[in-house]
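Now for the letters of each chain:
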Amino acid sequence: MGASGTPRPAIQVSRIRKSYGTTVAVADVSFDVREGEIFGLIGPNGAGKTTTMECVEGVRRPDAGQISILGLDPFHDVYQVQNRIGVQLQQAQLQKRIKVWEAVDLWASLYVNPVDGNRLLEQLGLADKRNALFMNLSGGQKQRLFIALALINDPEVVFLDELTTGLDPQSRRTIWELVRGIRDRGKTVLLTTHLMEEAERLCDRVAIIEHGKIIDIGSPEELVGRHCPARTVILATDNAVAEECLRAIRQVENVTRLGSGFTVQGRGDDFVTEVIQCLSENRIRVTDFRTVMPNLEDVFLELTGRSIRD
Amino acid sequence: MLRGLWKLTWPEIKIFLREPMGAFGSVLFPVLVFVIVGRFAGNRITPGNLSANGFLRVGLPVFVSVMISLSGVISLVTIMSIYREGGILKRLRATPLRPQTILTAHVLVKLALTALTMALTVLAGKRYYPAHIDCPIFGFTLALLISTWSILSIGFLIASIVPTARFAQPIGAAILYPMIGVCGLFVPVHSMPPALQAVARFLPLTYAVSLLQGIWKGEAWSAHLGDVAALVFVFVVFTALSSRVFRWE
Chain A
0 MGASGTPRPA IQVSRIRKSY GTTVAVADVS FDVREGEIFG LIGPNGAGKT
50 TTMECVEGVR RPDAGQISIL GLDPFHDVYQ VQNRIGVQLQ QAQLQKRIKV
100 WEAVDLWASL YVNPVDGNRL LEQLGLADKR NALFMNLSGG QKQRLFIALA
150 LINDPEVVFL DELTTGLDPQ SRRTIWELVR GIRDRGKTVL LTTHLMEEAE
200 RLCDRVAIIE HGKIIDIGSP EELVGRHCPA RTVILATDNA VAEECLRAIR
250 QVENVTRLGS GFTVQGRGDD FVTEVIQCLS ENRIRVTDFR TVMPNLEDVF
300 LELTGRSIRD
Chain B
0 MLRGLWKLTW PEIKIFLREP MGAFGSVLFP VLVFVIVGRF AGNRITPGNL
50 SANGFLRVGL PVFVSVMISL SGVISLVTIM SIYREGGILK RLRATPLRPQ
100 TILTAHVLVK LALTALTMAL TVLAGKRYYP AHIDCPIFGF TLALLISTWS
150 ILSIGFLIAS IVPTARFAQP IGAAILYPMI GVCGLFVPVH SMPPALQAVA
200 RFLPLTYAVS LLQGIWKGEA WSAHLGDVAA LVFVFVVFTA LSSRVFRWE
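In the order they appear, the protein sequences are chains A and B. Residues 0 to 309, numbered by numbering that gives the first Met the number 0, are exactly what the first sequence covers, in order. Residues 0 to 248, numbered by numbering that gives the first Met the number 0, are exactly what the second sequence covers, in order.
Please keep in mind that the hints were generated in silico from the structure rather than gathered at the bench. You may find that some hints are simply not true.
[Unchecked claim] Heads up, simulated BS3-like pairs for lysine-lysine below, C-alpha to C-alpha not over 27 Å straight-line: (1) B:K13 to A:K98; (2) A:K141 to B:K89; (3) A:K98 to A:K141; (4) B:K125 to B:K216; (5) A:K98 to A:K128; (6) A:K128 to B:K89.
[To be verified] A few chain B residues that don't get close to chain A, going by computed Cβ distances all over 12 Å: (7) G85; (8) L91; (9) V198; (10) L240.
Every residue, glycine too, gets a C-beta built ideally from N, C-alpha and C.
Bound-form chain A, shown alone (with noise of 0.2 Å):
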């Protein structure tokens, strides 16, 4: 980064590999995170997305490349690296026994300026349940229980492996709530997950990472516009002339009848609009009219070629 006053990353990653065994899992991964985004590491299951992130936590040592994380290598600056982040580790479990305030109590005593638990169990949701057994907790409580020990050092950097993995739709939008708060008081988040929905409502930035090599680096925005820049309108009509209409437009690609109406494929960002002009200027009645805009789901089909959900 130049000398006109952009920020240190807070993490910076670069060129790192791990195997275990004969198993590759990390080949060659860099990236950066900036200071007070929420960053997400996207891809199937074993693309390698949680090795990469135990590696930048310290959790694990990679067998190349560097790391730096608040400036501070993960490894020799462990403990000193441990009491600025905060972490929520992949399908982790508690002890079954253990009630949910003596575990906030158990991890506020292991750093160095915590937060009040309290508050934290309040603003969590968890406040009714201080006295819970964690083994009687539902899925969505345990994440959150897990948000809170995650936060309970008031952390600078923030890691969610796969958090909302196996919730209920509601208990996910509730943690996507969550995480979007902690990115407004000012922190770093470093999450990883396989939901394409979950990356692009909550990440800023995200790396799509497949056979533990990073395709691409960007916002889902960019990501979108980069690699499947088609667009698509569906209408309903029973107009003769539409299809004629519609085909004459220089943006459109593609026509196919669909039912009682038309698909409609083009590229460029005056595309919607060029479509709506040509349907009112030539009066063509509608009876309904959508449009489809990638994702990031198309984004990771286009390409690796396969869905992500394979």
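Could you slot chain B onto chain A? The hints should help.
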């Protein structure tokens, strides 16, 4: 270095006592066995012939103590493997807690429970045992804690290598309990066949039993420095081994 040690030990004690089988299995059960066997056999003996009954006088108390110790060790093996499988160890490790603090806390929990069980057994003994027996109870408790601490290091090695939590208890029991047969508890080591004597000399439990029996009978610690040295040696070797092979996840 051991920041957070007490903070971790205290909840772990509470958590353990909340386990339905935890409190009963490792605290009350040995006391119950002791009381029942004592009562059953006690009806047929009087203080007069007590000295003639070696097993009741020394064997049973030491046997119960060894059981307390071994059940503590097996419980440690089980808990460690459950914690590893559930990712609890990994989660604790991603905090400023030092790894050795996490492990030390568990050793302290087991030692505390061993002492508690011992205290309850002594109280039960005072109430139900056929005859009042004088023994150096503090010295004996200390001997038991040293023995347990030493055998716990074997537990750590077992905990390091058991593949899953489901196998932890049976494997731990299969390794530890057979030692009871050849450790001199039921048959004195010197009257065993030479082959078994050689085996006995390799078993840490032999030294634990020798120490416990001696202290119970009122012998001086100086007569058992060899036993203590052997137990410390076992601790050092097995701790070094398990620190090499211990897996956190």
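The hints, checked one at a time:
Proximity of K13 (chain B) to K98 (chain A) is assessed by CA-CA distance (about 10 Å); at most 27 Å being required, the pair is judged to hold. Using a Cα cut-off of 27 Å, the hinted pair K141 (chain A) and K89 (chain B) holds, with the two alpha carbons roughly 17 Å apart. Restraint check for K98 (chain A) and K141 (chain A): satisfied, since their Cα atoms lie roughly 12 Å apart, inside the 27 Å limit. Under the criterion of a C-alpha separation no larger than 27 Å, the hint pairing K125 (chain B) with K216 (chain B) is consistent with the structure, at around 17 Å.
Between K98 (chain A) and K128 (chain A) the CA atoms are separated by roughly 9 Å; this keeps the pair inside 27 Å, and the hint holds. For the proposed pair K128 (chain A) and K89 (chain B), the alpha carbon gap of about 24 Å is at most 27 Å, so the pair holds. Listed as a non-interface residue, G85 (chain B) fails to keep its Cβ farther than 12 Å from every Cβ of chain A; the least gap is roughly 4 Å. Annotated as non-interface, L91 (chain B) brings its C-beta within 12 Å of a C-beta of chain A; the closest such distance is 9 Å.
Taking the minimum C-beta to C-beta distance to chain A, about 37 Å, the non-interface status of V198 (chain B) holds against the 12 Å cut. A cut-off of 12 Å between C-beta atoms confirms that L240 (chain B) is not in contact with chain A; the least separation is 23 Å.
Taken one by one, the earlier hints fail for this structure at numbers 7 and 8, listed in ascending order.
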